[in-house]
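Enquirer: Knowing the structure of chain A, use the given hints to seat chain B on it.
Listed in order, the protein sequences are those of chains A and B.
Just so we're aligned: the first sequence equals residues 112 to 362 in this note's numbering.
Just so we're aligned: the second sequence equals residues 112 to 362 in this note's numbering.
Since the hints were derived computationally from the structure, they do not count as laboratory data.
Take these hints with a grain of salt, some might be off.
Heads up, the list lumps identical chains together, so a pair's fine if it works in one copy or across two of them.
As the list claims (entries may be wrong) - Mimicking BS3-like on lysine-lysine, the simulated pairs with C-alpha atoms at most 25 Å apart in a straight line are: (1) 251 with 270; (2) 317 with 199; (3) 292 with 199; (4) 169 with 251; (5) 156 with 169; (6) 156 with 251; (7) 270 with 292.
There are 2 protein chains.
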Amino acid sequence: MPGPAIILSHPQLGENIGAAARVMLNFGLSDLRLVNPRVEWPNEKADVMAVGAVDILKNARLYERTEDAIADLGFVVVTTGRDRLMSKRVLTPEEAVAELAVEVREARPCGILFGAERTGVTNEEVILCDAIMTIPTNPKFMSLNLAQSVAVVAYEWWKQTEVKPDFKIPTKFRRTHLANKEDLVGFFEHLEGELDRTEFLFPPEKREGMVQNLRNMWHRAELTYQEVQTLRGIIRALSGTKNRRSPKTKD
Amino acid sequence: MPGPAIILSHPQLGENIGAAARVMLNFGLSDLRLVNPRVEWPNEKADVMAVGAVDILKNARLYERTEDAIADLGFVVVTTGRDRLMSKRVLTPEEAVAELAVEVREARPCGILFGAERTGVTNEEVILCDAIMTIPTNPKFMSLNLAQSVAVVAYEWWKQTEVKPDFKIPTKFRRTHLANKEDLVGFFEHLEGELDRTEFLFPPEKREGMVQNLRNMWHRAELTYQEVQTLRGIIRALSGTKNRRSPKTKD
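Only chain A is shown next, with the shape it has when bound in the complex:
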């Protein structure tokens, strides 16, 4: 079943993982990825809750870090209810699914990232993603259960892509080949390494904020693979390191 990957970052309860797997299968999704689950894995409570969807759990891939879990994906939406005050687009589930559907139709891997039960996603995780998705809720009680959040998004997925086969195409520009997260992170680390070397990211207490703003800015550009390669070439040209091998350089 083609569809976006569902990535659960540091999930704390087996029941929620199982319930998420069940509702994924209910609504036609199958690619479950877990980042460092805080429970024993495989998990008996997850299996009980998944009922007929245990195969989704069996095939779930485990990762140590969120970066690894989304490395092969292009467009990634992150789910959060809090205002992050970041310059990223904020989409409704409906809007997010419309954009994800375009990616899937063009056979470009994409995904939806959900944070841990108590803490949600970290700012670092938000920075790694292309857009924020916020499920509209009662402002007096916004805290949605993890599996319920997956249910809402999976329902929107099925509703838009299966019930109405001619789902609408968002008015977004077409990209040929969006850089995946591995390429992007390689570029970020390359640039930040050079900026550390030249003491641009100074003083140390401001480094984190500066890096965050830069990464958000690059994300907003929705870079293609080719553009990432060009930017890395520019870094090497400017810094006169054309022939020095950077550890993550591909070319």
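Expert: Just chain B now, kept in the frame of chain A:
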């Protein structure tokens, strides 16, 4: 909060009742009714799952029979995935919510009936209701968890009826101060000047196309004034020209 009553017929798991209460409050519903629950009541597991929505559980009304639970209601929709071969209208969640919203607006009590976890609603219960609601699901795995069914319907309720007074969804980036074209062109020329100096824009016959692609990429990022200044700082840092005055530098 005005809205349809949620009626759970013979629920078997406290966890599901609690999760249903939580997601009701998330999406602005508060009238929970239980027909002969198959668990101890009040129920500790329900309280744990409800988190901040325990008041919904405390105020839930208990009934012996479904007839009693819906006695004061006019329009009642019953949730089932199975084809009942009855001459009743079958609605999607979207359609059902649209009809329920009309009832609520006219102050006519209405509700949505959900069957027990394993068995669903009985034919007798379906007969008592005005319309059937079927949540569209993967035909290969239709069995939705009870609380997930409530989540989908409650989400549709909130989505369609909430006037969203203070929940504004910015579809555009939240930028404080977009760079004007003068700032942008100054940056382009600064970068291109350095790239000429380092012979990155080579060979000459390809220069124009390369410059065009780069400028398009930067435009797509919709840079702020501050980001343009940061990028110029990066160029100076990388190229070791920190103290060399570039003709269009502002700072």
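Enquirer: What hint numbers does the structure not satisfy?
Expert: 7
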